[in-house]
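Enquirer: Spelled out from the first residue to the last, the chains are:
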Amino acid sequence: MSFEPKIVAFLCNWCSYAGADLAGTSRMKCAPNVVGIRLMCSGGLEPAYVLKAFKEGADGVLVCGCNLGDCHYTDGNYKTLRRMSLLRKYLDQMGIEEARARLQWVCASCADDFTEAVDKMTSELKELGPAKIKV
Amino acid sequence: MNDEAKIGVFVCHCGHNIAGVVDVPEVVKHAQGQEHVTVAKDYMYMCSEKGRSLIREDVKKLGINRVVVAACSPRLHEETFRGALRESGLNPHLLQIANIREQCAWLHEKGPMATEKAKRLVTGAIKRVTYHTPAEEKSVPIFPATLVIGGGIAGMQAALEIASSKHVVYLLDKEPSIGGHMAQFDKTFPTLDCSACILTPKASEVANSPYIRLLTYSEVVDVSGFIGSFTVKVKRKARYVDEGKCIGCGVCQEKCPWTAPSEFDSGIGLRKAIYTPFPQAIPNVPVINRENCVYFLRGKCRACERFCEPKAINFDQQDLYIDLQVGAIIVATGYDVFDPTPISQYGYGQLPNVFTSLEFERLCSPSGPTGGKLKLADGREPQSLAIIHCVGSRDHNYHEYCSRLCCMTGLKYAHLFREKTGGDVYQMYIDMRCFGKAYEEFYQRVQGEGVKFIKGKVAKVSSNGASSEDKDKLTIICEDTLLGEMVNIPVDMVILLTALEPRHDAEEIRKLLRLGQSRDGFLLERHPKLDPVATMSEGIFIAGCCQGPKDIPDTVAQASAAAARVLAVIARGSVETGAVTAFIDENKCSGCKVCNALCPYGAISFDASAKVSQVNQLLCKGCNVCGAACPSGAISTQDFTAKQVMAEIEGVLL
Numbered sequence: 001m002s003f004e005p006k007i008v009a010f011l012c013n014w015c016s017y018a019g020a021d022l023a024g025t026s027r028m029k030c031a032p033n034v035v036g037i038r039l040m041c042s043g044g045l046e047p048a049y050v051l052k053a054f055k056e057g058a059d060g061v062l063v064c065g066c067n068l069g070d071c072h073y074t075d076g077n078y079k080t081l082r083r084m085s086l087l088r089k090y091l092d093q094m095g096i097e098e099a100r101a102r103l104q105w106v107c108a109s110c111a112d113d114f115t116e117a118v119d120k121m122t123s124e125l126k127e128l129g130p131a132k133i134k135v
Numbered sequence: 001m002n003d004e005a006k007i008g009v010f011v012c013h014c015g016h017n018i019a020g021v022v023d024v025p026e027v028v029k030h031a032q033g034q035e036h037v038t039v040a041k042d043y044m045y046m047c048s049e050k051g052r053s054l055i056r057e058d059v060k061k062l063g064i065n066r067v068v069v070a071a072c073s074p075r076l077h078e079e080t081f082r083g084a085l086r087e088s089g090l091n092p093h094l095l096q097i098a099n100i101r102e103q104c105a106w107l108h109e110k111g112p113m114a115t116e117k118a119k120r121l122v123t124g125a126i127k128r129v130t131y132h133t134p135a136e137e138k139s140v141p142i143f144p145a146t147l148v149i150g151g152g153i154a155g156m157q158a159a160l161e162i163a164s165s166k167h168v169v170y171l172l173d174k175e176p177s178i179g180g181h182m183a184q185f186d187k188t189f190p191t192l193d194c195s196a197c198i199l200t201p202k203a204s205e206v207a208n209s210p211y212i213r214l215l216t217y218s219e220v221v222d223v224s225g226f227i228g229s230f231t232v233k234v235k236r237k238a239r240y241v242d243e244g245k246c247i248g249c250g251v252c253q254e255k256c257p258w259t260a261p262s263e264f265d266s267g268i269g270l271r272k273a274i275y276t277p278f279p280q281a282i283p284n285v286p287v288i289n290r291e292n293c294v295y296f297l298r299g300k301c302r303a304c305e306r307f308c309e310p311k312a313i314n315f316d317q318q319d320l321y322i323d324l325q326v327g328a329i330i331v332a333t334g335y336d337v338f339d340p341t342p343i344s345q346y347g348y349g350q351l352p353n354v355f356t357s358l359e360f361e362r363l364c365s366p367s368g369p370t371g372g373k374l375k376l377a378d379g380r381e382p383q384s385l386a387i388i389h390c391v392g393s394r395d396h397n398y399h400e401y402c403s404r405l406c407c408m409t410g411l412k413y414a415h416l417f418r419e420k421t422g423g424d425v426y427q428m429y430i431d432m433r434c435f436g437k438a439y440e441e442f443y444q445r446v447q448g449e450g451v452k453f454i455k456g457k458v459a460k461v462s463s464n465g466a467s468s469e470d471k472d473k474l475t476i477i478c479e480d481t482l483l484g485e486m487v488n489i490p491v492d493m494v495i496l497l498t499a500l501e502p503r504h505d506a507e508e509i510r511k512l513l514r515l516g517q518s519r520d521g522f523l524l525e526r527h528p529k530l531d532p533v534a535t536m537s538e539g540i541f542i543a544g545c546c547q548g549p550k551d552i553p554d555t556v557a558q559a560s561a562a563a564a565r566v567l568a569v570i571a572r573g574s575v576e577t578g579a580v581t582a583f584i585d586e587n588k589c590s591g592c593k594v595c596n597a598l599c600p601y602g603a604i605s606f607d608a609s610a611k612v613s614q615v616n617q618l619l620c621k622g623c624n625v626c627g628a629a630c631p632s633g634a635i636s637t638q639d640f641t642a643k644q645v646m647a648e649i650e651g652v653l654l
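Line order of the protein sequences matches chains A and B. So for the first sequence, the working numbering puts the first residue at 1; every next one is plus one. So for the second sequence, the working numbering puts the first residue at 1; every next one is plus one.
Think of the hints as simulated: they come from the structure by calculation, not from any bench. Since the model is a prediction, treat every value here as computed from it, not as a measurement. Hints may be right or wrong, so weigh each one.
What the hints assert, rightly or not - Taking lysine to any residue pairs in the SDA-like style, the calculated list, with each CA pair at most 20 Å apart, reads:
no., chain 1, residue 1, chain 2, residue 2
1, B, K373, B, P352
2, B, K643, A, L51
3, A, K120, B, M113
4, B, K110, A, L51
Unchecked claim - Distance windows between CB atoms, simulated:
no., chain 1, residue 1, chain 2, residue 2, range
5, B, M113, A, G69, 33 to 41 Å
6, A, R82, B, P352, 51 to 59 Å
7, B, G573, A, K132, 19 to 27 Å
To be verified - Here are some, though not all, of the chain B residues that point toward chain A, as calculated from beta-carbon distances under 8 Å:
no., residue
8, V59
9, V625
10, M646
We treat Cβ as the ideally placed atom computed from N, Cα and C, and that holds for glycine.
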């Protein structure tokens with residue numbers, strides 16, 4: 001059986017979670033490898049959540065928020081952007097490739113942005129194989 | 001770990017919606033053996049009364065104190081299931097929803113992978129709910145006033161319904177007058193009653209209602225608060241005419257020497273720089289358009305001021321900002337008409353006798369620029385007409401959706417044209433969709449009147465007549481798909497049945513009110529079939545074409561429904577809410593103040609004497625931006641604590 005990556009998506013309540021719901025409501029199809037976890041704002045994503053996901057065996061983490069400028073809480077997603085680039089450095093040290101931790105803005109009506117990101121990440125991680133964390 | 005947790009897991013089939021893709025019994029079995037799970041079961045429709053009673057029974061009989069419902073999105077039914085917990089005497093926050101419909105069954109193909117994902121979602125919810133804590137439920141009184149945004153037929157209808165119950169309504173419109181698009185129409189299908197004749201009595205009813213406060217020429221600039229107590233900041237644009245003094249005599253409009261294209265007449269007629277959009281405008285108080293007024297442009301004129309007896313003209317008037325307190329909001333902002341210029345083969349904007357539907361309405365209207373006489377650019381009366389359907393609708397290049405009312409509008413125009421000129425009318429259609437009450441009958445009637453129907457999409461409107469006698473005419477080049485051949489038809493006039501599209505500012509309204517948008521750009525209803533009036537934001541309802549193209553009867557029905565929903569909110573008197581807000585554990589806070597500057601609402605302040613930061617619960621909106629940054633882990637947000645999310649991460653990866 002081919003390798004099926006396990007991916008955790010963190011979805012902000014107002015845009016990305018609604019966008020992912022809309023993908024379902026519109027009966028769009030995408031890979032079932034991504035499991036969504038709802039947060040109120042992507043800016044409420046503690047960097048430790050991403051580390052925790054890799055520790056628990058995730059092969060990838062997809063962080064989704066409102067488009068820049070559209071944050072329900074004014075500018076939470078700018079904080080996400082900054083935190084993710086800082087977190088990137090830690091992930092590098094842990095040997096987690098760039099392709100495994102991604103940021104994708106998904107607006108409430110951008111269902112295709114969500115399904116495309118899911119499919120792209122899934123197929124690329126299938127190529128890359130399981131995540132191996134350097135200790 | 002909470003050793004006392006006794007979790008009940010309820011997996012919904014949602015008919016075949018979930019069960020047709022996900023192996024529900026398998027999910028139940030998977031949940032059954034898990035730590036703290038007292039009971040796991042499935043049911044056909046968990047949101048039904050019977051489904052909710054299953055939760056109540058298990059709380060009573062088995063003493064479960066945490067609930068996981070695996071069903072549709074929490075955005076749809078979280079409140080429903082919280083209600084079931086409330087009825088059982090459990091705090092509604094001891095619930096977690098696993099979204100196995102929108103984000104699983106509807107998103108994936110049937111098979112073991114979909115079931116696997118559903119299991120992960122359920123396990124995540126089980127792990128998470130273990131750490132849920134009750135939230136204090138506050139009863140918030142409903143402020144019994146309502147804001148209706150948009151004064152078209154939808155907004156007017158909703159405002160009147162609410163006002164009839166003797167509750168205050170603010171009816172706001174961006175334009176100088178209420179009336180919306182319906183005020184621009186000549187006749188309405190299929191009854192052919194005059195639009196103004198049925199609209200103006202309603203508009204005066206609005207104007208005379210002691211419970212309706214009209215805010216025309218106004219815009220919403222900010223909305224804060226929640227169901228029961230919204231604070232809405234409104235900008236009242238300067239009219240430069242005092243509403244209290246103006247008696248609506250119209251002398252200023254007579255005397256004003258400057259003209260501009262009339263927006264109300266779709267640009268085919270002229271208005272003055274000081275104007276009311278149409279004679280029966282409500283309020284009957286003109287506005288001065290700064291961009292057209294020569295006094296504002298060059299500092300000279302003031303003719304209107306000189307002739308205004310009641311001294312109502314005030315060039316020094318400023319925009320005014322006011323705050324409204326309302327308990328509920330109805331959005332009835334309507335639509336824009338598609339601009340067919342980009343479809344250059346139809347010649348709009350290049351060929352003078354090609355009109356949009358709205359322009360034709362104004363040409364037909366007795367109060368329009370031609371006094372209701374149909375005229376070509378050279379002043380002649382047209383003797384033949386082609387009506388091109390689906391311009392911008394049902395077209396992958398523009399809008400995929402059907403605008404729903406153009407077929408009937410086309411039939412109406414055919415009838416009006418025949419009535420006014422006796423000339424030939426051709427309808428070029430893709431499919432005739434006459435779906436409403438008495439609509440098909442109207443179609444039959446117009447067919448009987450000798451109108452010609454050609455099933456085919458028009459390739460081009462050409463300015464060159466095919467023969468010398470047709471040299472002043474337009475030629476329609478079209479495939480008649482029923483005959484299977486190309487046809488060239490010379491006509492004097494062409495009407496493009498232009499699509500209805502989301503308003504250009506729909507996105508701004510969406511952001512202001514935190515609403516959703518469907519893929520076509522129209523505002524998103526809570527449920528496409530069962531809740532087309534509510535939105536995902538509690539206390540905010542939608543009516544009319546802002547939700548999608550619809551005809552007048554459907555618009556009025558939806559507006560009345562929205563009003564009924566608002567009245568239900570008002571009648572309830574108060575709402576129970578458990579605030580999702582952040583809390584700071586003073587024992588953990590190191591007083592570093594990192595959170596203070598991060599909060600977008602200024603809700604966190606530093607208590608210098610205790611050397612810790614504090615959250616103002618009234619200002620906090622629960623985004624957890626502070627919690628994510630706190631180096632001491634001292635901040636947690638109700639229902640989204642680190643413990644809860646960490647447990648969910650563990651669960652979905654087990």
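Enquirer: None of the hints should be skipped; say for each whether it holds.
Expert: Against the structure, the hints:
1. B/K373 <-> B/P352: holds (17 Å)
2. B/K643 <-> A/L51: holds (14 Å)
3. A/K120 <-> B/M113: holds (18 Å)
4. B/K110 <-> A/L51: Violated, at about 32 Å.
5. B/M113 <-> A/G69: 33 to 41 Å: holds (36 Å)
6. A/R82 <-> B/P352: 51 to 59 Å: holds (57 Å)
7. B/G573 <-> A/K132: 19 to 27 Å: violated (59 Å)
8. V59: Nearest chain A Cβ about 25 Å off; hint violated.
9. V625: holds (4 Å)
10. M646: OK, holds: B/M646 within 8 Å of chain A, min 6 Å.
Hint compliance for this structure: hints 4, 7, 8 are not met, and every other hint is.
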